[in-house]
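Under my numbering, the first residue of the sequence shown carries the number 1, and numbering increases by one thereafter.
Worth flagging that the hints you see were computed from the coordinates, not collected in a lab.
None of the values given here were measured: they were computed from a predicted structure.
Mixed in with the good hints there might be a few duds.
Claimed, not checked - Between beta-carbon pairs, the in silico distance windows are:
#, residue 1, residue 2, range
1, S262, H315, 37 to 47 Å
2, A281, E443, 31 to 41 Å
3, A119, A249, 11 to 21 Å
4, A149, W302, 27 to 37 Å
5, L422, A149, 47 to 57 Å
6, P278, P163, 37 to 47 Å
7, P278, N65, 46 to 56 Å
8, W397, L31, 22 to 32 Å
9, E438, G367, 50 to 60 Å
10, L31, H315, 30 to 40 Å
In this text, a Cβ means the ideal position worked out from N, Cα and C, and glycines have one as well.
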Amino acid sequence: MKRPSPPAPPGPTCPRRVDPGGLALLFLFLLSLPLVTPRLYAVDSVEYFSYLHSILFDGDLDFTNEYRYFQQLNPQAGIEGVLEKRDPTTGLPLNVAPVGTALFWSPAYLLAHGGALLARALGAPVEADGLSRPYILAVCYASVLYAFAGLFLSYRLCRRFFPPFPSALAVALVWLATPAFFYSHASPPWSHSVSLFAVALLVYVWHTTREQPAPARFLLLGLLGGLAALVREQDVVFLLIPAVEALAAGRRGGVRPLLALSGRLALLGTGAFLAFAPQLAVYRILGGRFAPNPTVAGKFTWWSPAFFPVLGDPHYGLLVWCPVLLPALAGLFLLGRRDRLLGLSLGLAFLAQVYLTGAYLTWMGPGSFGPRRFIAATVLFALGLAAFLAFLREKGWPAWLLAGLGGILVAWNLGLIANWILHPEERTAGLLWDRLPERLFWEIPRQAFDFLRRLFLERGSLYRNPGGP
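Construct the complete structure from the given sequences, taking the supplied hints into account.
The structure is reproduced here in structure tokens:
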């Protein structure tokens with residue numbers, strides 16, 4: 001028998017080329033870091049943060065001391081109202097924020113605690129109490145890093161279909177021309193940046209493992225979907241993406257496909273339940289039952305009366321605040337031409353999110369900057385916009401023109417941010433069209449130099465409630 005010839009020695013390897021789009025996004029991210037405002041001021045952010053101190057320092061879920069601390073620190077933040085409300089069953093202060101954001105923040109929080117202890121040992125006047133400035137900085141910059149990680153995963157997913165330019169421009173625009181930028185830099189200690197990352201991770205892992213038929217894959221996807229829901233409960237809708245895949249594979253007749261479908265859905269649900277179990281425990285401890293507080297449930301109606309206003313309301317609508325998402329949604333149809341399952345599953349997940357948002361009586365998010373609940377869908381928007389931009393490039397549109405149009409959309413969003421900061425008395429009213437044009441085209445440009453000076457040298461003067469120790 002002829003012996004097999006030995007393997008040929010490896011030839012010279014070509015160095016991997018640097019991805020220019022990824023490098024551009026990294027440069028843009030680093031350039032944006034001076035704009036980060038690490039402050040903890042609003043009720044929502046206090047609720048997210050309080051989990052960390054209460055669990056790690058007090059060993060309980062009684063937020064009385066945390067709420068009182070931040071209420072005394074920021075009397076105008078409205079925290080006193082939360083402090084006065086207690087669950088009638090357990091007597092504990094209410095906390096309607098899910099626990100997932102705190103879990104994602106915990107590595108940075110623990111690192112800050114270690115740094116504070118070391119600094120004290122070296123004689124520095126730093127409080128290692130879990131509430132002082134190092135801990136606030138830790139969770140804020142953790143949110144910033146999670147936002148960039150989610151954006152980078154979105155970019156890598158876009159690159160599986162499209163060249164660097166449309167992929168990088170799409171990711172930059174769904175960040176800088178939407179509320180995602182505000183909540184990653186101007187108000188980082190909320191759940192939105194972590195939500196952006198968690199959903200991007202779910203979609204990235206789902207798509208990159210589609211060729212792997214192992215049943216354990218659906219258990220992993222269920223775990224990732226459960227983690228996303230642990231951050232924001234409504235993000236459970238993104239489990240529709242792997243569920244649609246399972247249903248598509250099981251649509252063929254016969255017993256075996258049906259059994260495979262049942263097994264995959266069971267694994268998906270099991271993984272989601274396991275990952276979401278900590279939140280069920282929190283529900284039970286805080287409210288005496290394995291369900292959200294009635295305060296949240298009372299705002300929900302199953303027939304989603306605000307489905308269409310969520311998209312097009314002139315004061316609060318998603319597509320009015322974020323016109324960049326019009327081509328992004330159109331791009332999902334173009335994406336469906338390349339990958340039917342991908343386009344269908346992403347489209348259904350988006351519609352489910354619109355439905356769920358429209359089912360809340362507080363869908364407008366009065367007082368918030370823009371339709372923040374949709375930040376979780378950033379990866380969907382990035383894929384759709386990349387498809388649309390790639391289509392225009394194929395039709396001969398020059399890159400400089402697309403970048404210029406994108407710059408106009410970014411300027412629109414930055415103008416809305418400046419208007420939101422400079423006119424806090426109007427935040428609950430949404431977009432006021434009788435005043436907005438004059439402000440965007442005259443007032444804000446005229447005050448641009450002073451605004452930038454205050455932003456970099458006197459940032460606290462821009463906020464009625466500076467927040468944070």
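Hint check:
no., hint, result
1, S262 x H315: 37 to 47 Å, "46 Å, holds"
2, A281 x E443: 31 to 41 Å, "50 Å, violated"
3, A119 x A249: 11 to 21 Å, "55 Å, violated"
4, A149 x W302: 27 to 37 Å, "35 Å, holds"
5, L422 x A149: 47 to 57 Å, "31 Å, violated"
6, P278 x P163: 37 to 47 Å, "41 Å, holds"
7, P278 x N65: 46 to 56 Å, "22 Å, violated"
8, W397 x L31: 22 to 32 Å, "26 Å, holds"
9, E438 x G367: 50 to 60 Å, "23 Å, violated"
10, L31 x H315: 30 to 40 Å, "32 Å, holds"
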